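> Residue numbers (the working numbering), protein chains in the order written: chain A, 1 to 227; chain B, 1001 to 1256.
Don't take every hint at face value.
Just so you have them, the derived chain A footprint on chain B, three or more residues with Cβ under 8 Å [said to hold, decoys possible]:
#, stretch
1, 1027-1033
2, 1064-1075
3, 1144-1158
4, 1196-1202
Some, not all, of what chain B presents toward chain A, calculated at C-beta under 10 Å [claimed, not checked]:
#, residue
5, V1036
6, S1038
7, S1042
8, L1083
9, L1113
10, K1115
11, A1122
12, E1165
13, S1230
14, W1233
15, A1234
16, V1235
Hints were generated in silico from the structure; no laboratory data involved.
Since we're looking at a predicted model, the values are computed, not measured.
From the three backbone atoms N, C-alpha and C, an ideal C-beta is built for every residue, glycine too.
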Amino acid sequence: MHVPDGFINAPVSLATGLVAVAGLAVCLRGAQRELDDKTAPLAGLVAAFIFAVQMLNFPVAVGTSGHLMGGALAAVLVGPYTGVLCVSVVLLVQALFFADGGLTALGTNIVLMALVTAVVGYTITVLAQAVLPNVRGSLVPAAALGALVSVPAAALVFVLLFALGGNADIPLGEVVAGMTGVHVLIGIGEATITGLTVGSILAVRPDLVYAARRYRQDLAIHHAPAR
Amino acid sequence: MSGGHTHQLYVEHETLVHRLPPQCKLIAVLTFVIAVVSTPRSAVWPYAVYAGALAAVAVLARIPAPLILRRMVVEVPFVVFALLLPVISRGPRVDVLGVSMSESGLAAAGILLAKGTLGVVASILLAATTRPRDLLLGLQHLRMPQLLVQIMTFMFRYVEVVLAEMGRMRVARESRGFRARNLGQLRVLAHSAGALFIRCFERGERVHLAMLSRGYSGRLPTLDGAQARSTDWAVAACLPAAAVLASAAAWFAVGR
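Generate coordinates for the entire structure from the input sequences, incorporating the hints supplied.
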């Protein structure tokens, strides 16, 4: 769900806007390091991919369906900087062209759905990779764990922002409990799809997955035994 | 640029609102929404001014009301949250249709809905009166980083290609008898997402090579849209001026 206008008050929106601008500036530099002059076409197409994948609905319970947020997935596939950039561009386009998420809430949305999900998702994935055995298959549970944590993390930051600048008087403790509970469930869905998607890409083009670079093996030269 | 396809978001007309330079419209909408968001809590009447101003723009731009209403569905999840707000909020309670609700929560939900809806309608009007390509040029005029504008341009140009690709994959799935009935079938959808990513990435690489072979060196030739004249800015300022005045008057009334 995108945060609309008026949800978070003006000072907090301004603060998140500044954080978002600073974050985007860092990511623009980082993405150029990751992709060089390929940045524009590749980041653009990955953003189109995220946009499309967010439309892939799956049934959660009777009558309700969920979709992927994609922050953790993007970070694992194309690297944290490019991932944040792609999700942010999707949010920009959604706010400007599709009225999805308010213009004054754009900073909040970028902080929550691009920065928090991608950074938390990627960090957890890398930490899990360090613990798991050093084989390519370990990335699947690691990415799933990253995605699982990224969703409630974004929900918690949202509650924090809402407590700081929300325009309603609600019991904070209960909201934290409720939001975390619901978003752990959503996170399980996110984790399942992220893990399975990363798995299927690893099976076909492991060289495309950014977080799988550590498993890359140098070509080894074996000499034929002398006769 | 992305002129090859006519986008369904844009409503073709030749009106004053359509002709305004995109950078003026962007700033006007942004200022309008900021004024709406910073309305004091206790004031109610400014919302009538805001809604009236937006309605005037819609009439001037000849955007039909049903179209605006249809596009407002993006707001639905947020409406659900706003409806829950009075139930979970604290404070003195009142009974509405047999449900105990918090008075402050009810007021907060009303304000939230009003502000959110005004923001959504303002964005819809912007998208309906400005071609996506022009909107990107407008962002460029407003000094948005060149690389970010390029990425947005590429995303916008290829999003329909990617969606069509996804549509073909869906047809392929369904013609083999697949229907997403339960969570067990997530695996199939995930494989589709994986295949889609590989196709997108490879298309990105092909596009990059095609650009290199046409002399791309990290910068796109910039097309300058119409330069905004001061009269354009003056016309565009009408909408936010009404909102800023209403918001400021409400603050003045609160201050006394």
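> Decide, hint by hint, whether the structure agrees.
Checked hints:
Three residues within the 8 Å Cβ limit are the bar, and the stretch 1027-1033 of chain B against chain A gives 3, so the coverage statement holds. Closer than 8 Å: that is the beta-carbon criterion, and the stretch 1064-1075 of chain B has 4 residues meeting it against chain A, so the requirement of 3 holds. Counting residues of the stretch 1144-1158 of chain B whose beta-carbon sits less than 8 Å from any beta-carbon of chain A gives 12, enough to reach three: the coverage restraint holds. Counting residues of the stretch 1196-1202 of chain B whose C-beta sits closer than 8 Å to any C-beta of chain A gives 5, which meets the bar of three, so the coverage hint holds.
At about 7 Å, the closest approach between the beta carbon of V1036/B and any beta carbon in chain A falls short of 10 Å, and the interface hint on this residue holds. Here the hint on S1038/B is kept, as its CB sits about 5 Å from the closest CB of chain A, short of 10 Å. With 10 Å as the threshold, the beta carbon of S1042/B stays out of range of chain A, its nearest partner Cβ sitting at about 12 Å, so the hint is violated. Taking 10 Å as the C-beta contact cut-off toward chain A, the hint placing L1083/B at the interface is violated, the least distance being around 12 Å.
Using the Cβ-Cβ criterion of 10 Å, the hint placing L1113/B at the interface with chain A is satisfied: the shortest such distance is roughly 9 Å. This hint holds: K1115/B has a C-beta 3 Å from the nearest C-beta of chain A, less than the 10 Å allowed. The beta carbon of A1122/B is positioned within 10 Å of a beta carbon in chain A (closest approach about 8 Å), and the interface hint is therefore held. With its C-beta approaching chain A no nearer than about 8 Å, E1165/B sits inside the 10 Å limit, and its interface hint holds.
With a least beta-carbon distance of about 24 Å to chain A, the hint placing S1230/B at the interface is violated under the 10 Å criterion. Hint status for W1233/B: violated, given a least beta-carbon distance of 19 Å to chain A, over 10 Å. Because the smallest distance between the Cβ of A1234/B and any Cβ of chain A comes to about 22 Å, over 10 Å, the interface hint for this residue is violated. Interface restraint check: V1235/B against chain A, minimum CB-CB distance 20 Å, threshold 10 Å, status violated.
Violated hints for the displayed structure, listed by number in ascending order: 7, 8, 13, 14, 15 and 16.
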